[in-house]
Amino acid sequence: MKTIEGLGLLLGMIIGAGLFALPYSFLKSGILWGGLLFVLVFLISWLLHSLYAAIIYITPGKHRFPGYIKLHLGERAETLAAIFTFLSYYGAMLAYGLLGAIFLQTIFGLDFLWSGILFFIAGGALFFLSLRVVGKINFYLTLPLLAFILILVVQLFPDVARENFTLPSGPDFLLPYGVFLFAFGGYAALPDLHDVLGANRRKLSKKIIFASLAISALFYLIFILAVLGASGARTSPDSFSGLLPVAAGSVVLIGSIIGILTVFTSYIVFGVDLKLTFRYDYKFSEAHSWILAFGPPILLFAFGFTDLIKILSLVGSVGLGVFAVFILLISWREREKLASFLGFVPRAWWLLPLGILVVLGALQDILNL
Numbered sequence: 001m002k003t004i005e006g007l008g009l010l011l012g013m014i015i016g017a018g019l020f021a022l023p024y025s026f027l028k029s030g031i032l033w034g035g036l037l038f039v040l041v042f043l044i045s046w047l048l049h050s051l052y053a054a055i056i057y058i059t060p061g062k063h064r065f066p067g068y069i070k071l072h073l074g075e076r077a078e079t080l081a082a083i084f085t086f087l088s089y090y091g092a093m094l095a096y097g098l099l100g101a102i103f104l105q106t107i108f109g110l111d112f113l114w115s116g117i118l119f120f121i122a123g124g125a126l127f128f129l130s131l132r133v134v135g136k137i138n139f140y141l142t143l144p145l146l147a148f149i150l151i152l153v154v155q156l157f158p159d160v161a162r163e164n165f166t167l168p169s170g171p172d173f174l175l176p177y178g179v180f181l182f183a184f185g186g187y188a189a190l191p192d193l194h195d196v197l198g199a200n201r202r203k204l205s206k207k208i209i210f211a212s213l214a215i216s217a218l219f220y221l222i223f224i225l226a227v228l229g230a231s232g233a234r235t236s237p238d239s240f241s242g243l244l245p246v247a248a249g250s251v252v253l254i255g256s257i258i259g260i261l262t263v264f265t266s267y268i269v270f271g272v273d274l275k276l277t278f279r280y281d282y283k284f285s286e287a288h289s290w291i292l293a294f295g296p297p298i299l300l301f302a303f304g305f306t307d308l309i310k311i312l313s314l315v316g317s318v319g320l321g322v323f324a325v326f327i328l329l330i331s332w333r334e335r336e337k338l339a340s341f342l343g344f345v346p347r348a349w350w351l352l353p354l355g356i357l358v359v360l361g362a363l364q365d366i367l368n369l
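First residue of the sequence shown? That's 1 in my numbering, and the numbers climb one at a time after it.
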């Protein structure tokens with residue numbers, strides 16, 4: 001049961017808004033380059049998840065990311081980490097809200113602005129749930145999403161055409177990097193995975209991390225090939241609206257329903273985790289923590305920040321890039337202690353190039369704003 005609960009918590013966290021932007025990212029970069037970058041980001045994400053899990057296991061007490069930074073790197077580093085953590089969370093929650101608005105439009109024909117506001121308010125009302133409860137709900141909603149992907153593949157298979165995988169004119173080779181990082185990001189669930197499994201289930205924790213990422217990658221690739229192969233140049237940032245000329249309306253409708261449920265629970269997970277960060281690491285009251293978690297994303301949406309792909313790319317490359325740098329710094333400082341979880345000692349010869357890679361990825365996204 002702990003294995004199922006832990007797998008559900010992490011798998012449900014990973015598969016979210018990033019899924020729906022993947023086919024469009026492959027369209028813009030080309031299938032071959034997109035595939036190579038996909039594998040690279042998968043490996044980077046596996047390593048970063050493992051390192052962060054190791055840090056959690058060697059650190060006593062309950063914390064969130066800024067708290068771990070403060071304990072291992074000091075208050076100045078914690079302040080910088082907190083700024084980027086909050087910005088990343090707000091960006092991720094904004095992306096979920098944008099997708100929620102798109103799906104609500106498709107399902108009910110509502111106005112985009114009011115669809116988004118409805119999504120944010122409904123999700124914010126559930127920020128008082130525990131992450132374990134939300135994780136279970138997320139998992140059970142992820143299962144029909146995975147089943148739908150398989151149904152979608154069967155439905156779209158007759159319409160998949162080879163020419164839809166050809167390299168686009170003026171390909172954007174760097175666009176998918178941040179989106180892929182976002183799509184494989186399940187870091188917010190790792191402290192709770194530790195709580196669910198217990199301090200002595202280290203081998204099981206590592207197996208669940210790899211299994212969750214591998215299952216996500218498999219279904220991501222199936223989804224990408226089906227959507228891109230069928231819709232080609234019509235592929236949309238949310239995947240489903242671009243399928244309307246190809247797939248039956250009922251398939252798009254069912255996909256949108258499952259999509260709204262998936263991004264809704266992921267939005268709640270981020271909101272609950274952010275609220276707990278204010279509670280655990282900064283000792284804010286429950287009410288103030290809720291306001292700080294709920295307010296900024298809905299305000300950003302209301303002020304017109306609605307470019308889904310750009311938001312996902314920035315959150316992935318910049319937000320998770322900064323996160324990765326701090327994780328790598330702690331991993332170097334605590335390398336001997338981390339070996340008890342990892343089974344090996346982190347070495348400078350691969351920590352340093354990995355740090356340079358994520359920094360360069362973040363810089364290219366900033367320069368392309």
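Note that these hints are calculated values from the structure, not bench results.
There's no promise every hint is true.
Stated by the list, open to error - Simulated pairs of lysine-lysine, DSS-like, Cα-Cα distance not exceeding 25 Å:
id, residue 1, residue 2
1, Lys283, Lys62
2, Lys62, Lys310
3, Lys206, Lys28
4, Lys62, Lys203
5, Lys337, Lys207
6, Lys206, Lys310
7, Lys136, Lys28
8, Lys2, Lys206
9, Lys70, Lys136
10, Lys70, Lys2
Said to hold, decoys possible - Pairwise CB distance ranges, derived in the manner of DEER restraints:
id, residue 1, residue 2, range
11, Trp350, Leu71, 23 to 29 Å
12, Ala161, Phe128, 45 to 51 Å
13, Val345, Leu244, 26 to 32 Å
Predicted model only: the values in this text are computed from it and were never measured.
All C-beta atoms, glycine included, are put in the ideal place defined by N, C-alpha and C.
Hint by hint, here is what the structure shows:
| no. | hint | verdict |
| --- | --- | --- |
| 1 | Lys283 with Lys62 | 13 Å, holds |
| 2 | Lys62 with Lys310 | 33 Å, violated |
| 3 | Lys206 with Lys28 | 34 Å, violated |
| 4 | Lys62 with Lys203 | 21 Å, holds |
| 5 | Lys337 with Lys207 | 20 Å, holds |
| 6 | Lys206 with Lys310 | 32 Å, violated |
| 7 | Lys136 with Lys28 | 35 Å, violated |
| 8 | Lys2 with Lys206 | 14 Å, holds |
| 9 | Lys70 with Lys136 | 30 Å, violated |
| 10 | Lys70 with Lys2 | 30 Å, violated |
| 11 | Trp350 with Leu71: 23 to 29 Å | 24 Å, holds |
| 12 | Ala161 with Phe128: 45 to 51 Å | 48 Å, holds |
| 13 | Val345 with Leu244: 26 to 32 Å | 53 Å, violated |
Hint check: violations occur at hints 2, 3, 6, 7, 9, 10 and 13; the rest are consistent with the structure.
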